[in-house]
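Asker: Each chain is listed here by its residues.
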Amino acid sequence: MLFNSQIFIFLFLPICLLGWYFLNHLHFRKSAMIFLTGMSLFFYGFYNPSYLILILGSIGFNYVLSFLILKTKKTISSNIWMTLGVSGNLLFLGYYKYFDFFIENTNFIFKTDFALQHIILPLGISFFTLQQVSYIIDRCWETAPHYTLVDYMAFVTFFPQLIAGPIVLHSELIPQFQMEEKRKFQLSSFVDGCIYFSLGLGKKVLIADVFAILVNEGFEKIYYIDTPAAWLMALCYLIELYFDFSGYCDMAVGLGKMFGFDLPQNFKSPLKAHSVQDFWQRWHFTLTRFLTTYLYTPLTIMGIRKNKRKLFTYLTPMLVFLISGFWHGASWTFVIWGAFQGLGILWSQRKKWKLKKSGITWFGTFVFAIISNAIFRSETIDNMLRMLKAMFVPHVTGFSFELASSLSEVPEFYMITRVMEILNPNLMDFLYLLLLSCLLLISALILKGKNAAEILSYRQDKGYTFLFAAQIAVIFSWSVLSLNQVSTFLYFNF
Amino acid sequence: MNRKFIKHLILISISCLLLASLLVILFDPFYMYHKPLPFLKAVLEERDYEVMGTLRNFEYDSVILGTSVAENYNNHWFDEAFQVTSVKAMRASGRNSDLLFYLEEAYRHQEISHVFYSIDLFSIFQPTTHTFEEEDYYYLINNTPFDDFKYLWNKDILLKKIPLQLAYSFFLDYDEGESYNWYQEKTFSREAMMTHYFPLSSFAPMQEASEIDPVVMENILALKDMILEHPETEFQLFFPPSSILWWDNEYRSGTLEIKLEAIRLFVTELAPLNNVSIYYYQNEDSLMKNLDLYMDSVHFNQTVNKTLVEKIKEKQGLIKKELLDETLTDLLNSTREMVTNYATKEILQDYPTAVTP
Amino acid sequence: MTRDEIFKGLNEVFQDVFDDSTLEVEEETTANDVDGWDSFAHITLIVSVEKKFGVKFSMGQVSSMKNVGTMASILLEKLA
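Chains as they are written, first to last, in the working numbering: chain A, -5 to 488; chain B, 1226 to 1582; chain C, 454 to 533.
Just chain A, with the same shape it has in the complex:
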């Protein structure tokens, strides 16, 4: 099920909230947890119930492992369990996410002919696998207790964070499950939740989906792009991705708050960053945190203890981001993207020529993010090269005008473009460019302004005004009206 659907907003969510608070009101605490888990599993299996077996299998594997760690504490070294747990989870993820990629490359290199399995990536598998890897490692490091099955299942399946993050740690959520005061309906938390959710929904539906039109059009016609178009597409994709993903995470945080739980903030105005390192502390923060805690820190400490300080200083950031790239998707373009991030991190760790924070450091980081996203969005190496070539070998064909004209699909622009078509068709190109500039300007203002968390804390200090309620309500309603659209058929679709 998607957050941005009426069935979720007006049916699933209210039922969940009512059930949860009703059961807790009656002090049926365990039943409330089981109810929440059941609803989350329904949410997960809504489109494809067969995936339920996968997630339940994954939970079962890790829970049994945690149990074995508890029981064999004195007899078996935790290193064995860690190896088993991590490799088990990675094999599971590897099969569903990377099997075809592996076969394809094997076939290519060794001229073999193994059949592709065409495995469809199960929903959220990358997220719930990492989450459980972190739990198993924490169990082996003796920083996590063995939880009850009910708590553990509710934690992994908790639907606000199940499908696309944030990557919530057990230590952030399960203690909240166990707090008595969290089980009572808190109006203030619920209000915050509604604001977060509405802002996130607006980001996704009103901004990201509009930029997506232009970006998709560009990548569909990638053979025709010129230099301005390529930069425009990469910039628009950066905006799309930011609003899409951070919008999703705001919705997740908002949903958490409606239940009274605090989920970690995944985005902290990343496009205000002044270095690549700074960027990754602000963009998809919970992933960075996972990689730092479980990969970067242990590896680097190990290297320094073995007196290979220099080598590991350079090697680990690179390795971490290569893995991060590969985690994002089974394709060489993601690996290259990861390497590019690694280089960016190494550059920002340099000791010489340190720059003070200024417009230049911000702009440099911003351009770095644009180029990164050009790589990130390209589905194939060919398209990536095409994109980079268009960006860095200047040539102009006027394709940007055609790109901008895809905005005619945006319902908000329909009337003005139709009227202009009748009044003066020669000015259409300029109209589209004007509309695009307006969109970019609006996005820039939003990006420059307060982020959702800042808006909320500002409002909590100043108090909610009627105007603020009206703004949030309009964003919410307008987003709801945007969830359904009728595709305008091309006239001839026999």
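Please keep in mind that the hints were generated in silico from the structure rather than gathered at the bench. Cβ atoms here follow ideal geometry from the backbone N, Cα and C, with glycine treated the same way. Take the hints with a grain of salt, since some may be wrong.
Chain A side only, calculated, beta carbon under 8 Å to chain C, not exhaustive [unchecked claim]:
#: 1; residue: 135
#: 2; residue: 136
#: 3; residue: 140
#: 4; residue: 271
#: 5; residue: 287
#: 6; residue: 290
#: 7; residue: 291
#: 8; residue: 292
#: 9; residue: 294
#: 10; residue: 295
#: 11; residue: 301
#: 12; residue: 305
#: 13; residue: 343
Restricting the straight-line Cα-Cα distance to at most 20 Å, the calculated cross-link-like pairs of lysine to aspartate or glutamate (EDC-like) are [what the hints assert, rightly or not]:
#: 14; chain 1: B; residue 1: 1514; chain 2: B; residue 2: 1562
#: 15; chain 1: A; residue 1: 262; chain 2: A; residue 2: 448
#: 16; chain 1: A; residue 1: 304; chain 2: C; residue 2: 530
#: 17; chain 1: A; residue 1: 302; chain 2: C; residue 2: 503
#: 18; chain 1: A; residue 1: 351; chain 2: C; residue 2: 503
Per label pair, the in silico range of CB-to-CB distance [unchecked claim]:
#: 19; chain 1: A; residue 1: 44; chain 2: B; residue 2: 1369; range: 26 to 36 Å
#: 20; chain 1: A; residue 1: 50; chain 2: B; residue 2: 1432; range: 26 to 36 Å
#: 21; chain 1: A; residue 1: 421; chain 2: B; residue 2: 1420; range: 44 to 54 Å
#: 22; chain 1: B; residue 1: 1438; chain 2: A; residue 2: 413; range: 26 to 36 Å
#: 23; chain 1: A; residue 1: 50; chain 2: B; residue 2: 1409; range: 55 to 65 Å
#: 24; chain 1: A; residue 1: 96; chain 2: C; residue 2: 464; range: 50 to 60 Å
#: 25; chain 1: B; residue 1: 1392; chain 2: A; residue 2: 455; range: 42 to 52 Å
#: 26; chain 1: C; residue 1: 532; chain 2: A; residue 2: 73; range: 23 to 33 Å
#: 27; chain 1: A; residue 1: 443; chain 2: B; residue 2: 1388; range: 54 to 64 Å
#: 28; chain 1: A; residue 1: 422; chain 2: B; residue 2: 1456; range: 53 to 63 Å
#: 29; chain 1: B; residue 1: 1420; chain 2: A; residue 2: 424; range: 31 to 41 Å
#: 30; chain 1: B; residue 1: 1450; chain 2: A; residue 2: 465; range: 39 to 49 Å
#: 31; chain 1: A; residue 1: 390; chain 2: B; residue 2: 1397; range: 54 to 64 Å
#: 32; chain 1: B; residue 1: 1559; chain 2: A; residue 2: 418; range: 27 to 37 Å
Given the coordinates of chain A, work out where chains B and C should sit on it, guided by the hints.
Answerer: Only chains B and C this time, still in chain A's reference frame:
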């Protein structure tokens, strides 16, 4: 303060969504709830969204049924020729069963005196179940009110469809008879159609008439049931012409006899019924061989539509019920001869690019 | 070793790692409070603390250091 805020938030959201719904209900551009308001024109531009509403809520006594080939009729031609008020029920690449599904809906709402059905040979070879349930706009087709929110809360309706309806009603020329017409956007010429035609270079062995798919008969019987159920309606069934190149392709693919057999079964089964007239135009030399009338091998321009209405009015091409078998054999022979004698080679010489390697 | 002595030692390490002789850390000090305390500096810090006090932290201990206070507690436990 929180209490007040949440109250405001909910009230304003409800008002916004309610206002949006009311606007959609008032103007109702897909005619889900009512016919056009008195001061608005019946703007019909997107058949898949609008046919169902038209059938449910308009006032009419005749239905024009057909696939894309039939969309360029002007409703007024039928209205004037037969003294009726007609609406169109069209489905591009539709099945016979899709069209019967529409017709059934029409009978639920109006008394129908005439049905004008443009028979597409493609559609009677299709399965006998309708295809609407898979469509993402099924909420416009079915009768449940629970999914109407997809129509009521829809900014495309608010920002595109309602303004378009208003613009056509007040500022632009709009002929209500030209519902779903598309000929304005297309080029009809020999040159244009040859870019869509790729003849097979060799002839496949001709299949026997007896090898015809039984689904054709099922389709015919489904239509027959409908006709028998409604003796009050006059069914005017007609076979519009297809270009000679369409027939040429059937010939080369070895399915010519199958197609002719379908026509034979159709006419034999339905022509004897009292309230049925069948018109045959698949042997009209001047309409089939003049390739300048076409944009591809089946879609002709509006002058052909107009000619057909005039012919139906004058009862030209009407298959006489007496001596049906003999008449039918003659008709089919005339088509067969025209197709098999046609010198495709000559025309292909002018368009060497049209030949597939 | 007392908690005060540990903090004295920690302050020396911090001043050295962050190249700031005025830096004074407290129980509640976290990475957010010190300029330049990023994940790499964190590692340098840990290794330097290990050297200074002649101990070796386990990975679990490293990951559970939420602020300077927890670091001090872990040291206290190890040196006891």
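Asker: Can you give the numbers of the hints that this structure goes against, from lowest to highest?
Answerer: Hints 3, 11, 12, 16, 18, 20, 21, 22, 27, 30, 31, 32 contradicted; others consistent.
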